[in-house]
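J.: Listed below, chain by chain, are the residues.
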Amino acid sequence: MNLFASAIDWILDPANYVGLNAIPLRLAQHLLFTLVTLVIASAIAIPLGYLIGHTGRGRSLAVMTSGGLRAIPTLGLLTLVALWVGIGVVAPYVALTVLAIPPILAGAYTGFEAIDRRTVDAARAVGMSELQIVRKVEVPLGLPLLIGGLRSATLQVIATATLAAYVADIGLGRYLFSGLKNRDYAEMLGGSILVILLALVLEGIFALIQRFVVPRGVSGRAGPGSGNAGRPSISANLPERSTAIR
Amino acid sequence: MTWVLANLGLIWARTLDHVVLSLPPIVLCFVIALPLGWLARRYRISRGIILTAAGLLYAVPSLPLIFVLPAVIGTGLLSPVNVIVALTLYGIALMVRVVSDGLDSVDADVRQSASAVGYSTWSRFWQVELPLSGPVLLAGMRVVVVSTVSLVTVGAVVGVQSLGSLFTDGFQRGIQAEIIAGLVTTVGLALLLDGALVLAGRVLMPWTRRGAGTKRSAAVEVTAA
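Those sequence lines, one after another, are chains L and X. To convert, take the position in the first sequence, counting from 1, and add 9; that gives my numbering. To convert, take the position in the second sequence, counting from 1, and add 3; that gives my numbering.
These are computed hints drawn from the structure, not numbers from a lab.
Counterexamples of contact, computed for chain L against chain X with all Cβ distances above 10 Å: (1) I20; (2) Q38; (3) L41; (4) V98; (5) M137; (6) V222.
A partial selection of chain X residues facing chain L, derived with a Cβ cut-off under 7 Å: (7) A62; (8) L66; (9) V149; (10) S153; (11) G167; (12) F174; (13) I182; (14) V190.
Where is the CB? At the ideal position from N, CA and C, for every residue including glycine.
With the sequences and hints as input, model every part of the structure.
T.: Structure follows, in structure tokens:
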């Protein structure tokens, strides 16, 4: 595999560790961009999702909008926003926030919906206020599904941030496009390998987080007496799939 | 709007390119995921391996995959085959899990009854388990259809023509209408194929029509979205 050897050479080439196109710098840019996008998207989607999940209102509207948003091709949204706001980092931020909202929103409200109604009623019966129910019952129990939503949003943003280099000089995607322009396959392949590794590492980290955020006493292997406590962890990957089309 | 009217021929040609790139992955991933999903459900060891591999595969970003595939399968960088293979892989990654879950959703009593009245493992799969897991498989394929149609556009940045070419071309030449036309056509194509799938599901699985009320409202939501 000569091509891969040259890509590895490119990744290890000291020339790619200095200046504006240094790999660590691009990697940090990519991660920071992803993080900021996720924070903005979460700030919008989580409170909204919790509101929908807690009250049960506006669910069909949320399902409909997220379904519609998902069918929109990223590249189209990215280029359109770039034409509106001009070349630069604003377009990727806007386009990617829009893309990151649906999975997080779905994770937030399905997390609440997956909770056994009797558990919520019991919390109300022992005198908890609505705010306490949300904070002490619904948020912890809904956490696995929310993390699942954040996980798919992260993967989507990492992937699409690569595409963002098409309209802005940002992140690791830059290598793919400059390699394409200069017919330098080693650079394209090296850059691609870096992005894929980054995505896989984050996927692994999220898989671990998802395993550990299940609240104590709510294990996936719970016995029949614990109601549907096991459900969140089992169906943790479902929100994306089950709500994508509806 | 003037741009759209003046370029209907171009939009139509790109739509056909898009369909040619979308259909093979959709069909192939189902055909390949079926035995893999069966295998994943059947044995504990194969389940762990196959589902983990599928999960990791699904995590690989699409654009880098399109760049890496030529080095793996020996195609040219600009070959449409890369896009088709990449999207087939995503479809498999998603459907393997769906097939395994779908087969799992078949009641153990039903499975045993089928064996008791004399079905072989082979015929039990085709005549009992597969039809009964049909609704789950259909739901999975609907996701595959919409995401495939949307992801085909990514190939445009390396030069594989599709409706995505309207995005790259519109961006480079600063024609907003071209990008919007691409967006509308792509989403429209996804909804059309999705609708065809739902229709096929109703024809092939007439027993699910009793609950058609919910399905119909889902279809309406999709159109409205």
